[in-house]
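Asks: For reference, the chains in residue letters:
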Amino acid sequence: MDIPPPSTYTQAEAYAPMEAAAAEAVAALPDFPGFEWRLWSELPCSHNGVIDPNYVEVEIEYRFTLPDSGTPLVRQTYVEVLREFWSGLGYQILRDEPVHVPDRLDHNLYARREDGIGLWYWVAGYTVLRIQSGAVPISDPADIEYVPPSGGIRPGSKYDKVGKYFPEGIPEQEAVAPFESPDSYEDSL
Amino acid sequence: MSEMTWQQLRDLDCGAVRALGDSWKTYVDGMLDHTARLRTDVIEGHLGVENYESDTATQVREQIGLTADRFEDDLSDYATTRIATSLHEAADAFEAEQGELKELVPLIESHDFDIEGPQSEYDVNLSGGLHQAILTLNPPQWLCDMVGIKKPDGFWDWDTLKSLFSSVDLYGTAIGLAGQYQDWLRAVMARAHDADDDAAAALKEMRENPSGLPPHLGATYDDLIDDYKDALSSEVADEARAIADGTSGMSPEQVNQWWEGLSDAEREALIAEHPEWVGPVDGIPTEARDTANRTLLDNRIDSLDDQIAAKERTLAGLDPESDAYERVKQDLDNLKGDRKDLSELQAIITDEDGNPAMSDKAGEQHYLLGFDTEGSGQAIVAVGNPDTADHVNTLVPGTTTALAGIGGSINRADTMSLDAQNAAPGDANATVMWLGYDAPDTIFPEAMQKRWADGAAEDLENFTRGLTATGQEGANHTLTGHSYGTTVIGHAATQRGVDADNLVFVASPGVGTDTASALGVDEQNVWATTNSLDPIQLTPEFLHGNNPIDDDFGGNTFHSDTGAWNDNNHSTYWQDTNQVGRDSIAYIATGNRPQ
Numbered sequence: 001m002d003i004p005p006p007s008t009y010t011q012a013e014a015y016a017p018m019e020a021a022a023a024e025a026v027a028a029l030p031d032f033p034g035f036e037w038r039l040w041s042e043l044p045c046s047h048n049g050v051i052d053p054n055y056v057e058v059e060i061e062y063r064f065t066l067p068d069s070g071t072p073l074v075r076q077t078y079v080e081v082l083r084e085f086w087s088g089l090g091y092q093i094l095r096d097e098p099v100h101v102p103d104r105l106d107h108n109l110y111a112r113r114e115d116g117i118g119l120w121y122w123v124a125g126y127t128v129l130r131i132q133s134g135a136v137p138i139s140d141p142a143d144i145e146y147v148p149p150s151g152g153i154r155p156g157s158k159y160d161k162v163g164k165y166f167p168e169g170i171p172e173q174e175a176v177a178p179f180e181s182p183d184s185y186e187d188s189l
Numbered sequence: 001m002s003e004m005t006w007q008q009l010r011d012l013d014c015g016a017v018r019a020l021g022d023s024w025k026t027y028v029d030g031m032l033d034h035t036a037r038l039r040t041d042v043i044e045g046h047l048g049v050e051n052y053e054s055d056t057a058t059q060v061r062e063q064i065g066l067t068a069d070r071f072e073d074d075l076s077d078y079a080t081t082r083i084a085t086s087l088h089e090a091a092d093a094f095e096a097e098q099g100e101l102k103e104l105v106p107l108i109e110s111h112d113f114d115i116e117g118p119q120s121e122y123d124v125n126l127s128g129g130l131h132q133a134i135l136t137l138n139p140p141q142w143l144c145d146m147v148g149i150k151k152p153d154g155f156w157d158w159d160t161l162k163s164l165f166s167s168v169d170l171y172g173t174a175i176g177l178a179g180q181y182q183d184w185l186r187a188v189m190a191r192a193h194d195a196d197d198d199a200a201a202a203l204k205e206m207r208e209n210p211s212g213l214p215p216h217l218g219a220t221y222d223d224l225i226d227d228y229k230d231a232l233s234s235e236v237a238d239e240a241r242a243i244a245d246g247t248s249g250m251s252p253e254q255v256n257q258w259w260e261g262l263s264d265a266e267r268e269a270l271i272a273e274h275p276e277w278v279g280p281v282d283g284i285p286t287e288a289r290d291t292a293n294r295t296l297l298d299n300r301i302d303s304l305d306d307q308i309a310a311k312e313r314t315l316a317g318l319d320p321e322s323d324a325y326e327r328v329k330q331d332l333d334n335l336k337g338d339r340k341d342l343s344e345l346q347a348i349i350t351d352e353d354g355n356p357a358m359s360d361k362a363g364e365q366h367y368l369l370g371f372d373t374e375g376s377g378q379a380i381v382a383v384g385n386p387d388t389a390d391h392v393n394t395l396v397p398g399t400t401t402a403l404a405g406i407g408g409s410i411n412r413a414d415t416m417s418l419d420a421q422n423a424a425p426g427d428a429n430a431t432v433m434w435l436g437y438d439a440p441d442t443i444f445p446e447a448m449q450k451r452w453a454d455g456a457a458e459d460l461e462n463f464t465r466g467l468t469a470t471g472q473e474g475a476n477h478t479l480t481g482h483s484y485g486t487t488v489i490g491h492a493a494t495q496r497g498v499d500a501d502n503l504v505f506v507a508s509p510g511v512g513t514d515t516a517s518a519l520g521v522d523e524q525n526v527w528a529t530t531n532s533l534d535p536i537q538l539t540p541e542f543l544h545g546n547n548p549i550d551d552d553f554g555g556n557t558f559h560s561d562t563g564a565w566n567d568n569n570h571s572t573y574w575q576d577t578n579q580v581g582r583d584s585i586a587y588i589a590t591g592n593r594p595q
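Heads up: the sequence lines are chains X and E, in that order. Under the working numbering, residues 1 to 189 are what the first sequence spells out, in order. Under the working numbering, residues 1 to 595 are what the second sequence spells out, in order.
Hints in this document: simulated from the structure, not taken from any laboratory. Please note: incorrect hints may appear among the correct ones.
[Said to hold, decoys possible] Subject to a maximum C-alpha distance of 25 Å in a straight line, what follows is the list of computed DMTMM-like cross-link-like pairs (lysine to aspartate or glutamate):
# : chain 1 : residue 1 : chain 2 : residue 2
1 : X       : K164      : E       : D360
2 : X       : K164      : E       : D341
3 : X       : K158      : E       : D360
4 : E       : K340      : X       : D140
5 : X       : K164      : E       : E235
6 : X       : K164      : E       : D351
[Stated by the list, open to error] Not close to chain X: a few residues of chain E, all C-beta gaps over 12 Å, as computed:
#  : residue
7  : D22
8  : A68
9  : Q307
10 : A402
11 : D459
12 : G554
[Claimed, not checked] Heads up, incomplete: computed chain E residues facing chain X, CB under 10 Å, no partners named:
#  : residue
13 : K204
14 : E352
15 : N355
16 : D360
17 : T399
18 : T400
19 : G408
Just so you know, even glycine gets a beta-carbon here, dropped at the ideal spot from N, CA and C.
The following block holds chain X by itself, in its conformation from the complex (with noise of 0.2 Å):
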């Protein structure tokens, strides 16, 4: 085919719902620690071997502290919960498999939404939880708006790795949280 397959979303359309999607999960994670970070970045899209420059995918990764990435609760419970979690929303698991590392079981699960938005949970040395667009129309940098974080992390602070698409920085009635938080949750529980 001479293009890509249609995309539900634009680049810029798409960190509202993949942010919500992340918001979403983690709401139904018991006991949850809270995240170390945010991060959104983007990934290349080829089409016929060649690096599309018109097309992108858009990565967001909330990672989980080290400590935290080794709990029973992060390693093992969130993952049964999100199977079902995700399952029951009527997501399409593509992915749900330990892998056997040298002193370590890690586990990958991943579950596909009916717009093309991919959600994987990567417990490995750190456990993430990344949540993927596909392949988007590029947008113009000036129309992706802030979308506040999930899982505890200060909007704006150096948890939060979006600055690159801010370089004016996060807008101030953006940046406000929507609940008071430290910058970190590391060694605070």
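Mind docking chain E on chain X? Use the hints.
Replies: Same frame as chain X, but now just chain E:
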């Protein structure tokens, strides 16, 4: 060119070669004691100013001092760096290949194959006995097992008939296995010859360019000493130029020893005055190369600006309808294209304050290890410092990758670095995007040709050896190729040898050999993946050899998910549809084999 035969390599006493290197090192230590005594006992002692004060005595003291200096330099540059290191490198390389030979030759013999042909192009063929066994319907047990038939044990029984009906398979299987052994043998000998040639080149250059000695004492001393001192002052520059030009014969390890032997002032002067002798050179540490290459990049962009301005002035004076106008316009467009590509590269690796930029995902510094605008353009950019990393993963991209749009490949390297961080917290890792070759621009015909991979083999070999020379001892090195990049890795590994613990072939059209055994890396650490909808797997074997995902290639495979059925599944390996591939690469690159 090396004329070593496989029998000579098999019988070589590598321990003796290594012991010879050791003895040169011991000799150097002993001789350094002598030069120290020359200075303290003679120049400052018996011949000291307190005992002898005259013009002649001053000359003698100077001459002895210069001779001691020269001797120390030669001990360092020649005895240690060239002779001892060359012998050690050759011994290591020969021993590695000898080990493979000791595994391979018994396999060849036990399967009743013969090694024939000149040493540069060994053939492994079916022996007369094996031909006869197949033709007389009495194939050996191993061949029956491979084809899946029972060995005939009587005349014209059912098994014999099956053997007859399977004769084409029997021949094909035997020839296929002989071909794999042939690939393996040729690769072993190619790497051994390469090591032999490298050592010979280092020693030959030393023999052909002996260092000058201080002039003799006597009437002409005053006339000649200034020339000698002038030559001394340019010696480091001459060495640096020869290394950068590739005429020194020194390996990356030897270059690293030479660099570490320079004073801080000499290193700083080279970086500032001659960045072109520092930036592209494998074996020089990453920080120094990065600094030099950033200067070169700035200079190149400034130079392009000047050339563009000059062309625009020329163009303004030409008739737009003339041929000359068209030619100048084409030149101008090319210059502008180069200017744009280099500016984009600069923007990726530089922050708003002009300092080295951190990567978006892994948060690691970008290091510029090389760039070029020739052909489709080249760039070598590290995400994280490979010299301080526990794990270094070098990504070799494939067809259509060019300097234009290089950000996409650097982005992939950054993604791989972030994935590696998550897989192995606490370990330092670096991912290098190595477009150090002119990649094919088209799938047909260019990616069908092996010349692009052959052209890259020596450069990739040297790059990996440079990483070893400048990196942490025991660091885990991985080479990851995508598409034609896998072919590049395969050619480098079989023809020259690469310093890598793991090889990862993603979406390979073939790697130039039919067997993982020929790659010179433990077969257990060779990995391949291709998703089920990727058309690359349809590449015919006669182009680039057996596909590394095939069972009979050897090594390991790991799963990669497909993208949408109507997507181009040759390019989805780092996208959201392929978590399994992404995390597998991260596990391999951090020394955590996925199970």
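Asks: Please go over all the hints and tell whether each is borne out by the structure.
Replies: Here is what the structure says about each hint:
Between X/K164 and E/D360 the alpha-carbon distance is near 8 Å, which keeps this suggested pair within the 25 Å criterion. Distance check on the hinted pair: X/K164 and E/D341 sit about 21 Å apart at the alpha-carbon level, within 25 Å; holds. The straight-line distance between the Cα atoms of X/K158 and E/D360 is roughly 13 Å, inside the 25 Å bound, and the hint therefore holds. Annotation: proposed proximity of E/K340 to X/D140 holds, straight-line Cα distance about 20 Å (limit 25 Å).
A hinted pair counts as satisfied when its Cα atoms are at most 25 Å apart, and X/K164 with E/E235 does not qualify at roughly 47 Å. Distance check on the hinted pair: X/K164 and E/D351 sit about 11 Å apart at the alpha-carbon level, within 25 Å; holds. Non-interface call for E/D22 relative to chain X: holds, since the shortest CB-CB distance, roughly 36 Å, exceeds 12 Å. Every CB of chain X lies more than 12 Å from the CB of E/A68, the least distance being 54 Å, so the non-interface label holds.
With a cut of 12 Å on Cβ distances, E/Q307 stays outside the contact zone with chain X, its closest approach being about 26 Å. Not every CB of chain X lies more than 12 Å from the CB of E/A402, the least distance being 10 Å, so the non-interface label is violated. No Cβ of chain X approaches the Cβ of E/D459 within 12 Å, the least distance being about 23 Å, so the stated non-interface status holds. At the 12 Å boundary, the C-beta of E/G554 stays outside the reach of chain X, the nearest C-beta of that chain being 22 Å off.
With 10 Å as the threshold, the beta carbon of E/K204 stays out of range of chain X, its nearest partner Cβ sitting at about 44 Å, so the hint is violated. For the restraint placing E/E352 at the interface with chain X, the shortest Cβ-Cβ distance is roughly 8 Å, inside the 10 Å limit, so the hint holds. For E/N355, the suggested interface contact is broken, since its CB lies about 16 Å from the closest CB of chain X, more than 10 Å. Interface hint status for E/D360: upheld, as the beta-carbon distance to the closest one in chain X is roughly 5 Å, under 10 Å.
A cut of 10 Å between beta carbons decides the hint on E/T399: the least distance to chain X is about 6 Å, and the hint holds. Here the hint on E/T400 is kept, as its CB sits about 5 Å from the closest CB of chain X, short of 10 Å. Checking E/G408 against chain X by beta carbon gives a least distance of about 4 Å; that is within 10 Å, so the hint holds.
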